[in-house]
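Chains A and B supply the protein sequences, listed in that same order.
Heads up: the first sequence at position 112 corresponds to 112 in the numbering used here, and the numbers run straight through without jumps.
Heads up: the second sequence at position 9 corresponds to 9 in the numbering used here, and the numbers run straight through without jumps.
I should point out that these hints are in silico values taken from the structure, not numbers from a laboratory.
Be careful, since some hints might not be right.
Claimed, not checked - The calculated DSSO-like cross-link candidates involving lysine-lysine, where the alpha carbons are at most 27 Å apart (straight line), are:
1. B:Lys29 <-> A:Lys58
2. B:Lys50 <-> A:Lys127
3. A:Lys127 <-> A:Lys160
4. B:Lys42 <-> B:Lys53
5. B:Lys26 <-> A:Lys77
6. A:Lys12 <-> B:Lys50
7. A:Lys58 <-> B:Lys26
The primary structure of each chain is shown beneath.
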Amino acid sequence: MVKYFSCVGFLKGTWDQVFAAFWQRYPNPYSNHVLTEDIVFREVTPDNRLLSRRLLTKTSRAPRWAEKFLPSHMARKAYIIEDSVVDSNNRTMVTLTWNISHARVMSVEERCVYRVNPDNSNWTEIKREAWISSSLYGLSRAVQEFGLARFKSSVTKTMKGFEYVLAKMQGETPTRTLAETATERARETALAAKEKAKGFASQAQKKQYV
Amino acid sequence: MNSVGEGCTELKREYDQCFNRWFAEKFLKGERSGDPCTELFKQYQTCVQKAIKEKDIPIDGVEFMGPNKEKPGS
């Protein structure tokens with residue numbers, strides 16, 4: 001038995017801004033549950049599509065009522081894979097995200113298709129589908145309901161985090177090209193993250209940003 | 001953002017900076033110039049793949065877009 005969910009949303013950014021922001025989503029104020037992020041595979045195909053695999057570690061939050069039924073040694077960290085294909089010719093991106101740990105307890109698969117918003121070419125449409133299932137004997141339905149509720153609230157966080165990063169990238173410098181602004185913001189964001197995490201103020205002074 | 005390999009975060013950040021620049025300035029514009037980040041990527045991957053093995057993270061043999069099969073909507 002599988003719970004199915006789908007929705008369509010949009011981000012107020014052009015497709016190239018959104019695709020660039022996609023790689024700079026973490027960290028953001030809504031992603032405290034995301035502990036680590038790594039690219040573990042990347043390839044540009046002969047027809048110029050970018051294939052990537054991102055490995056994420058997230059905190060694993062089970063509701064108290066479920067904890068009784070889960071093995072006591074069950075990890076508090078969950079591993080998630082996100083595979084993506086970016087097509088800069090079609091201006092589309094398809095992502096598939098699923099958990100590779102705790103899968104028998106609950107499995108969540110999410111597929112997103114990003115494309116230029118047909119009604120407003122300055123915006124980007126995200127069509128999102130999810131399949132939530134559980135094999136936990138006797139509890140699968142309750143777990144699926146919990147999983148669906150949690151997924152919906154995590155979609156809200158995802159979109160807020162994305163909007164936050166996009167807004168930072170869009171900035172207030174209309175004379176620059178989009179890409180230059182994005183690149184500059186990317187550098188600033190990377191720099192801020194570096195300083196914050198390690199307090200390497202002296203290192204920051206050595207780097208030069210045009 | 002930290003890498004799953006504690007010692008790999010710096011390598012990851014250097015690679016990410018290179019990638020983000022190439023992605024916005026070349027790839028999204030359809031320019032098929034070579035990827036300038038391959039060296040940085042190699043160093044980063046050596047580190048992170050080792051950490052993944054050490055932590056027993058089960059990503060080996062997982063097919064790209066693996067679960068992307070036809071599924072019933074409801």
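Q.
Under the constraints set out in the numbered hints, which ones does this structure not fulfil?
A. 1, 2, 5, 6, 7
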